[in-house]
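Number of protein chains: 2
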Amino acid sequence: MAAIATSFSAAAAIAHRRSRPHLQLVARRRAPFSTAASSSSAPSAAAAGFGWTDALRVASDTGLDDESDLSGYFRKVDICNRGMDKKGQFVEFLVEDQVVGYIHKGFTDHLRDFNDVFSIVSGNNCNSSLEHVTLHSSLKTQEDRTIAIGNVIKGLGELIPGIRNELYPVTSSYGTPVYFSLERAAAPYFGIKAYGVHMNGYIEADGEKSLWIGKRSDVKQTYPGMLDHLVAGGLPYGISCKENIIKECEEEAGIPRSMSTNATSVGAISYVDIDGFRYKRDVLFCYDLRLPADFVPNNEDGEVDSFRLIPVRHAGNIIRRTDYFKANCNLVIIDFLFRHGYIKPDYHGYLKLLQSLRSGDCS
Amino acid sequence: MAAIATSFSAAAAIAHRRSRPHLQLVARRRAPFSTAASSSSAPSAAAAGFGWTDALRVASDTGLDDESDLSGYFRKVDICNRGMDKKGQFVEFLVEDQVVGYIHKGFTDHLRDFNDVFSIVSGNNCNSSLEHVTLHSSLKTQEDRTIAIGNVIKGLGELIPGIRNELYPVTSSYGTPVYFSLERAAAPYFGIKAYGVHMNGYIEADGEKSLWIGKRSDVKQTYPGMLDHLVAGGLPYGISCKENIIKECEEEAGIPRSMSTNATSVGAISYVDIDGFRYKRDVLFCYDLRLPADFVPNNEDGEVDSFRLIPVRHAGNIIRRTDYFKANCNLVIIDFLFRHGYIKPDYHGYLKLLQSLRSGDCS
Numbered sequence: 001m002a003a004i005a006t007s008f009s010a011a012a013a014i015a016h017r018r019s020r021p022h023l024q025l026v027a028r029r030r031a032p033f034s035t036a037a038s039s040s041s042a043p044s045a046a047a048a049g050f051g052w053t054d055a056l057r058v059a060s061d062t063g064l065d066d067e068s069d070l071s072g073y074f075r076k077v078d079i080c081n082r083g084m085d086k087k088g089q090f091v092e093f094l095v096e097d098q099v100v101g102y103i104h105k106g107f108t109d110h111l112r113d114f115n116d117v118f119s120i121v122s123g124n125n126c127n128s129s130l131e132h133v134t135l136h137s138s139l140k141t142q143e144d145r146t147i148a149i150g151n152v153i154k155g156l157g158e159l160i161p162g163i164r165n166e167l168y169p170v171t172s173s174y175g176t177p178v179y180f181s182l183e184r185a186a187a188p189y190f191g192i193k194a195y196g197v198h199m200n201g202y203i204e205a206d207g208e209k210s211l212w213i214g215k216r217s218d219v220k221q222t223y224p225g226m227l228d229h230l231v232a233g234g235l236p237y238g239i240s241c242k243e244n245i246i247k248e249c250e251e252e253a254g255i256p257r258s259m260s261t262n263a264t265s266v267g268a269i270s271y272v273d274i275d276g277f278r279y280k281r282d283v284l285f286c287y288d289l290r291l292p293a294d295f296v297p298n299n300e301d302g303e304v305d306s307f308r309l310i311p312v313r314h315a316g317n318i319i320r321r322t323d324y325f326k327a328n329c330n331l332v333i334i335d336f337l338f339r340h341g342y343i344k345p346d347y348h349g350y351l352k353l354l355q356s357l358r359s360g361d362c363s
Numbered sequence: 001m002a003a004i005a006t007s008f009s010a011a012a013a014i015a016h017r018r019s020r021p022h023l024q025l026v027a028r029r030r031a032p033f034s035t036a037a038s039s040s041s042a043p044s045a046a047a048a049g050f051g052w053t054d055a056l057r058v059a060s061d062t063g064l065d066d067e068s069d070l071s072g073y074f075r076k077v078d079i080c081n082r083g084m085d086k087k088g089q090f091v092e093f094l095v096e097d098q099v100v101g102y103i104h105k106g107f108t109d110h111l112r113d114f115n116d117v118f119s120i121v122s123g124n125n126c127n128s129s130l131e132h133v134t135l136h137s138s139l140k141t142q143e144d145r146t147i148a149i150g151n152v153i154k155g156l157g158e159l160i161p162g163i164r165n166e167l168y169p170v171t172s173s174y175g176t177p178v179y180f181s182l183e184r185a186a187a188p189y190f191g192i193k194a195y196g197v198h199m200n201g202y203i204e205a206d207g208e209k210s211l212w213i214g215k216r217s218d219v220k221q222t223y224p225g226m227l228d229h230l231v232a233g234g235l236p237y238g239i240s241c242k243e244n245i246i247k248e249c250e251e252e253a254g255i256p257r258s259m260s261t262n263a264t265s266v267g268a269i270s271y272v273d274i275d276g277f278r279y280k281r282d283v284l285f286c287y288d289l290r291l292p293a294d295f296v297p298n299n300e301d302g303e304v305d306s307f308r309l310i311p312v313r314h315a316g317n318i319i320r321r322t323d324y325f326k327a328n329c330n331l332v333i334i335d336f337l338f339r340h341g342y343i344k345p346d347y348h349g350y351l352k353l354l355q356s357l358r359s360g361d362c363s
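Just so you know, the sequences run in chain order C and U. Mapping the first sequence onto the UniProt record's numbering, position 105 (from 1) lands on 105, and the numbers just tick up by one. Mapping the second sequence onto the UniProt record's numbering, position 24 (from 1) lands on 24, and the numbers just tick up by one.
To be clear, the hints were calculated from the coordinates, so they are not data collected in a lab. We put the beta carbon where it would ideally sit given N, CA and C, even for glycine. Treat the hints with care, since some could be wrong.
Said to hold, decoys possible - Here's a subset of chain U near chain C, in silico, CB distances under 7 Å, partners left out:
id : residue
1  : Arg112
2  : Phe114
3  : Gly233
4  : Tyr237
Claimed, not checked - Cut-off 30 Å, straight-line C-alpha distance, at most; resulting in silico cross-link-like pairs (DSS-like, lysine-lysine):
id : chain 1 : residue 1 : chain 2 : residue 2
5  : C       : Lys209    : U       : Lys87
6  : U       : Lys209    : C       : Lys344
7  : U       : Lys209    : C       : Lys247
8  : C       : Lys140    : C       : Lys105
9  : C       : Lys352    : U       : Lys154
10 : U       : Lys86     : C       : Lys209
11 : C       : Lys209    : C       : Lys105
12 : C       : Lys352    : U       : Lys86
13 : U       : Lys86     : C       : Lys344
14 : U       : Lys247    : C       : Lys87
15 : C       : Lys209    : U       : Lys247
16 : U       : Lys87     : C       : Lys352
17 : U       : Lys154    : U       : Lys140
18 : U       : Lys209    : C       : Lys140
19 : C       : Lys344    : U       : Lys352
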């Protein structure tokens, strides 16, 4: 039987020694890790600046606030949904007359040199500055487009940092025709819809549920050292949501297929976040997996530093009181809190918070 | 241990004898009970025209269609969200400068006689036909307004049928100040937000879940003889969602407080339906309750004819293939199907259907 909030990784012991206690939570809300949402493509070499000791202290402090106060959750939703007032700085990216994305007007200047790949079109109404971006008419097949745009992205060099060598399908909405595939790191620069799978793994013992929470490796390219779900990943081209969750379960937490096949789809969340040239339009398919009480996760791809089993209420406290979680994970756990009755209808703002979990174009 | 799909009520046996088999489901989609959404305030004396035998046959037929085809679910959402093209026939109902509802222009003609209660205000822009409805300035307290409007509703007689003698709080959104209370049957005529609690009661045995489904009494005022959740009810003035669910559990299904206190809030659905003078703006708080496998519900208020335990997949088939369920119950069960993994992300239309479950003003 797994003990609650006990380390199961030698790496965790190192993380403990590395951790720096900080009790002034409110004052620290703007500490370096609070800007993680905007630093994802340029992570610092340092870790997030907190350890499990800090997280567990914050999680279990019963005197800090009232769990019916949802304001901390609203702030986390806001962090994922910034910049809508800057939508006018972007133009539509059309393929076969369908809107597949949005591109910053400033970014289009970098695409003008590649006029055998992109066409930057002026509007024909009275406002001649209106434009949209489309593909050169010679690029008719998925494969041609994928190769041509891939070459442009290489040509842009440091303008698009953090190349992952992982391709995302480009569509107007999920399940509709795929026009081409695009490097994952480039997705927000073209404002394409990006889909992911996020799984809350939990145990239930004596009527109490606890979530397995991961702490990302300090050397991971994006959001190093931050808290994360048990399993999550982008949805690359050519794999179903369920197969992707099974694959990620194996790689990220050592969960065998015999167990992960029971992962249950439970809905989706979405957000839209504008930051500089980047326009993130993400939809995350959410999964729950109830695990045996004696299961212990084991990271196999080096992306996770350590795991802890944390009572659900305590995980909620971490979300409300800190910026320790990778920004979008907050939303998937808030969704879990709704579905499992931890956020209750009579808490002020219940319906507004529930709605806000699909602030993006959930299609 | 409860057997699947077996009757637990003597009344059910009567219902069986009364039932008329009908196998041509597609052709029968426009049978009398398919118009139940619009006949709720004027129910016919006859029951819904089907029995458990019909429902169970439809539910378990494996050859009829493919469960990944969501079109049957979309149709059920549409039935609850009619008439948005007629929104222009309504004017705002304002109290203390807040929009609390919408009233049909034709219905306002009936309110003009009560000019010590309602003020019908012409707009002051170029379109002089623009109006809104508000309360007479002398009605300053909740109590004064409740009494005055209650008297108007009595005065309107048959114009508002099906008086329930149950008061709904009138607000601009859930948890905000209550301006007065309004007879439940009048709610759609004033277009006020109406809140309800709906509970899916289920068992899990051998990894398979089954839902307890009720069949409404043939003499119930609204939706007689139709299928229903185990427990559901409007949210009257002065009671919390949780206390209401506990109360309805006792009255509708004989579930003791020791069990019903485990009912878990899981989210909410909403819809907006315009039909004649009626403008329904409903928000339903959804609950799940996992019941012991040997629990047998027992209706105590005469509103339910009988209950059956139906495998979740079979309940989904009834929703997709028939109009047997009371219209809004379909949506709450579809929400259950999403949260419990029966509707899967790779089914075409997944995100659109998920979004459609909150088509109304979910606030």
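Numbers of the earlier hints that this structure fails to satisfy, in rising order
Of the numbered hints given earlier, those the structure breaks are 1, 2, 3, 4, 5, 9, 10, 11, 13, 14, 18, listed in rising order.
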